[in-house]
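Once you have looked at the hints, place chain B on chain A.
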Amino acid sequence: MRGTFVKTLMEMMWKDKSIIVVTADMGYGTFEGLRDKFPDRFINAGVSEANAAGISAGLAMNGYTVFFYAQAAFVTLRCFEQVRLDIASNNLNVKLVGTSSGFTLSQYGVSHFALEDVAAMRSLPNMTVLCPGDLYEAEQVTKLACSFKGPAYIRIGRTNSGPDEFIHLKKPKLRIGEPIFIKRGNMATIISTGSMLFLARELADELKNKKIDAALISLPTVKPLNVRKVLNLFKNKKIVYVLEEHSMIGGLGSAISELVADRGLSYRVVRMGTADKFLHVTGSREYLIGLCGLTAKKIAARIERDLKQKP
Amino acid sequence: MKKEEINLLKKKGKELRKRIIEMIFKARASHLGSAYSVLDILIYLYNFILKIDPKDPKNKTRDRFILSKGWGASALYAVLADRGFFSKNKLDTYCVNGSKFVGITTMSGVPGIEATTGSMGHGLPVGTGMALAGKKMKSKHRVFVVISDGELDEGSTWEAILFAGHNNLDNLIAIVDYNKWQSFGRTKEVLNIDPVPDKFLAFGWEAIEADGNNFTSLEKAFARIPLKKNKPTAIIAHTIKGKGVSFLEDRIEWHYKYPNESDLKAALKELSK
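Line by line, the protein sequences are chains A and B. Quick note on numbering: the first sequence equals residues 57 to 367 in the numbering used here. Quick note on numbering: the second sequence equals residues 11 to 283 in the numbering used here.
Keep in mind that the hints were calculated from the coordinates and are not lab data. Owing to the predicted nature of the structure, the values given are computational and were not obtained by experimental measurement. Even glycine gets a Cβ: it sits at the ideal position worked out from N, Cα and C. Warning: the hint list may mix true and false statements.
Computed cross-link-like contacts, DSS-like style, restricted to lysine-lysine with a CA-CA straight-line distance of at most 30 Å [what the hints assert, rightly or not]:
no.	chain 1	residue 1	chain 2	residue 2
1	B	Lys146	A	Lys63
2	B	Lys150	A	Lys93
3	B	Lys22	B	Lys100
Pulled from the structure, derived: some chain B residues nowhere near chain A, Cβ distances all over 10 Å [claimed, not checked]:
no.	residue
4	Phe96
5	Ser109
6	Leu281
Next comes chain A alone, as it looks inside the complex (with noise of 0.2 Å):
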């Protein structure tokens, strides 16, 4: 998804002369490339994430687009407060750029995990969060981003392991805050932000294979959301299930739960986020997705039983 998303910037590069790219020494293996075609516009300001916040704001001011590319637990989290006052507070056409997210570097442990940047990122007015699912979402984000005037965050996450990276069998048609159909289905509705996409596709091969009947959504923007659009997928009373690698706390899930409940809706919305708590282990990132009850086979059980318990 890195790639797509190196390739993406590349070719809005040439067209739009304001794109400045300010990492905070991150990209090996992914931005040389970038680097050696634009060495004017590709500053590496070591790994100093504040001060690298603060120089994409005062470039912004200046009139560049600045794409600030770092490790997502570190762009959203290590200088969340200049996120918030340099660039937020200011409505600067900043865009933050969270690579290897949720549970990417597996190996890694608690300090590589990014599992809370989506929800700091949304409690930040002007802020649109965008998390693509698979390539063609991310090449899709990486041009809506720079669609309007204004600070983004662009979740960058894995798509599978295997070679197969596309979900969407053709380029979907992206819209800020909109779902997108992958399949439509009566008796529930899944509905998948950024990497759990493919997760998403097996549960609903697993829910096929139980003769459950669900919708499956990708729903690659957090904030902001259409709401009409993201009620009506709750028609028929069908319960909404949201699966996100992210804490269960103020992810997409958290945001839709909102909605409903500052309308008083009587629809059920299931977060399936990562469990909230720190997991003091390694291991692959199916591993720990798993152990955060987070495979199809647990889901589509789960699912299975809401169905029957439903009246």
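Chain B in isolation, oriented as in the chain A frame:
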């Protein structure tokens, strides 16, 4: 500077100090000592150094100024009004409900305010970005950032110092308002930052010391900036917190307290001498 010019600046210093204490008295606001500490630096910069046009405050080629110690806002507002960025009666809205003249400098639309600051250690990174943009765009503008001594405790300040030195940003000038006090005590006792010039030098800057409450000394320090080609400039301006009114000088409580009526009267009387 001629003697008459210096006398004029000193007179301005007294007049603006009167205005500032009135603003703070009326608003029951804090940071009087910080405002008086930095005021002479601001007067000097805005009258002799900064290439700015109050009628065209967003001109692309203007010099940028950031008061990173944003809690000195009252002094900056007073100087900006004095230079004609907005009418002087706007100062009466300082800290009033709904006013854009916020207690700590905020990009709320006040002409001449270039950054939201006051959260410590923000101004220098943002100013460094502006200086970098200047180099990239081949613009002649310079960026001046006034930081407090307390802000030298912040890691982000040093990150910016390291970056600016490495990137040869000789269009960046940092001025340290070194009044030797920070929020909860003497800088020397809380977290010693000395020797300040040596630290800047070690990070690839050129540094010079000055008396930040003395116009002749400031003139000497700013006579030749950048001090060295390809290097950012640090001017370590030794100042006195609360400078200008004897009972306010060098006392930590005037970082927080607002003056009561008798304080105000006494200060105005002393400033009228």
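Here is how each hint holds up against the structure:
Restraint check for B/Lys146 and A/Lys63: satisfied, since their Cα atoms lie roughly 23 Å apart, inside the 30 Å limit. At roughly 26 Å between alpha-carbon atoms, B/Lys150 and A/Lys93 fall within 30 Å of each other, so this suggested pair holds. The straight-line distance between the Cα atoms of B/Lys22 and B/Lys100 is roughly 18 Å, inside the 30 Å bound, and the hint therefore holds. Separation of B/Phe96 from chain A is adequate, the least Cβ-Cβ distance of about 20 Å exceeding the 10 Å criterion.
B/Ser109, annotated as away from the interface, keeps every beta carbon of chain A farther than 10 Å; the closest lies near 17 Å. Every C-beta of chain A lies more than 10 Å from that of B/Leu281, the closest at about 35 Å, which supports listing it as non-interface.
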